[in-house]
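As given, the protein sequences belong to chains A and B, one line each in that order.
Here the first sequence is numbered in the numbering used here, starting from 126 and rising by one per residue.
Here the second sequence is numbered in the numbering used here, starting from 3 and rising by one per residue.
Worth double-checking, as some hints may not be accurate.
Partial list, computed: chain B residues near chain A (C-beta under 8 Å) [stated by the list, open to error]: (1) 42; (2) 50; (3) 53; (4) 83; (5) 125; (6) 157; (7) 194; (8) 237; (9) 252.
It should be emphasised that the hints constitute simulated quantities derived from the structure, not laboratory data.
Remember, it's a predicted structure, so these values are computed and weren't measured experimentally.
Glycine residues also receive a C-beta, built at the ideal position from the N, C-alpha and C atoms.
This is what each chain is made of:
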Amino acid sequence: MKLGSEMRKRVRDITLASRMFLVLGVVSLVAAVVLLAHHQGAFTKRIHIYFVAETANGMNKGMAVKLVGFKVGAVEGITIENDLRVMVALAVDAEYAPMIDADATVRLVREAIIGSNVLEFRRGSGTRGPVQDKAILLYEREPSVESAMMALLDQVSPIVGDIRQITAYLSAPDSDLRQAIRSVNRTAGALAEASDEVRKLIVTAAGLIEKGETRVSSVLSSADRLLQGANASLGVLDGSLRKVDAALPGITSRMDQTLENIRAASEAVRGMVSGELTGVVGEAGALVSDTSEVVHGAKRSWPVSNFVQPPRESLLRLDGGGGVTAVPADGGRR
Amino acid sequence: MRLACVALLLCLAHGLAACGSAPPEQSDADTRRERLVDLNDRAQRAVGRGNLRRAATLYREALRIAESFEDFHSIGVNVLNLAAVHQALGEPDVAHRALERVLASPARFEGPLVAQAAGLKASLSLQARELSAAEDWLNRAEDGCRPPACRIRTALLVLRAQLALERGAAGEARSQTARALAASRAENNREEEANALRVDGRAAAAQGGHAEAVALLNQALAIDKQLALPYKIGLDLMALAETELMRGEQQAARDYAQRALDVSRAAGNRQQQQAAARILERVR
């Protein structure tokens, strides 16, 4: 009898302890979940703001919404309307609502050249008070780096084409310019010969009329000086033109090469911009950034931080030959 | 048992909370340490690219930061790296000055760092042909080098062989290089293998074995070319020029000396340029 009552008492104790244990466990778990939810902003009061866009390109659910660089909310939903327009719903922390103008605009911007897209509130007129819950704001898309680059390339391409045509014309052996230069050369040579002849004639004529009309003699000597000057000038012109003629093919071929390089480079850039590379790079950049952040955060979090060795500098290995190599003394990286 | 279960549950719950929480903010010391490690990494990459001037600048900046919070391990590491870079640039005075920071107060630094600093001093003294100073520093380095923490034993063997060679003891130098060669091959240390082959080649030439010397020096040259080490390539070519000169092959000596001059000019090592120019003068 006594044994029976003792056993019942022990069973009661065990039952009580088990219940206490379960209650304590559940309470701890609930507390942890509540703490986690609080950290994630589950209890933060939010308002909803909407805008309509032509396309959902560059936007996704959960994307950050910023105000002067501060994250104030996130994209809550993206839906297609009947008229094929896109309705985007933003959930914004209520505490920031008084800072957003009722006529503010929402803009899709990129945080860096290679960075993730974010939505940003742009200042309104400031006369219509703060934004209200369920307000619909105007949306605008910031001109992207890609489109700016494309526009620039579109401007440059025809110019490059024109210059290529001009250089091809200049360097062609039978072009008008080259023929003109050759004509000038020939004319210059002929003029030089002619001027010599004229000078000889003048000398002869001057001798013949030396004793006659003195005024004619002086005019003829002036003409002689002029012709000598002209001859010298023609010599200079001839030399200059020859130099231009000799240099032209080289100059034009260099110019042609340079332009070819510009054309090839611009085409490559265009390929990169219009192809999928930008998206891939952008995604990869964001992924690398996110991964790095996650790894970095994890490394600093308990209990991982206890297992991660703090980073240390590498000591270069002593070189018996007196040189230096990028090999750490321990033979490998940290 | 019950207590253990409760403790386990509590640990799990708190663990969950801890994992869910944001990581702690970085302290200023952590930020500085990260900057220090980043500078060190960039400097090491610059050494790998052969951009020694850039590496020296980065190591100097890292040293400045390490000194600002008196982290003696970091100070020691950056001093040694900086000195090695200046030695490779042919600026021994700057390298000596840098090493003084460790050797003037060795008690503050870890043993392997002090041993390596002494090894560097020995190497610098050997280059300046100050043989008794080189021996003193080498003895100090060998005394301080205790495996497994100390990993410079092979380099010290090469330095010991060089010292013997500079003293005219070619036979002793060759026995030292044999040990150095075995050690370098055992630990797959290609840099030291080439260094040992170079010293062995020079010692063989000093003993009159010119053909053997040329073969050994060409082996060293091949390794240094594989590793793309301009300073060492210059040393190999100068040693080959000297060897050809010894056996009266003026034209071959001139070619090697000219190649050494070209390499040292391209690498920007003034000291080596002067040494190559001196050999070229002797050949003309």
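Going through the hints against the structure:
1. 42: Holds - the Cβ of residue 42 (chain B) comes within 8 Å of chain A, reaching about 4 Å at its closest.
2. 50: Holds: closest Cβ of chain A sits about 4 Å from residue 50 (chain B), inside 8 Å.
3. 53: violated (11 Å)
4. 83: At about 5 Å, which falls below the 8 Å cut-off, the nearest Cβ of chain A leaves the hint on residue 83 (chain B) intact, so it holds.
5. 125: holds (5 Å)
6. 157: holds (4 Å)
7. 194: Constraint on residue 194 (chain B) satisfied, holds at 6 Å.
8. 237: holds (6 Å)
9. 252: violated (27 Å)
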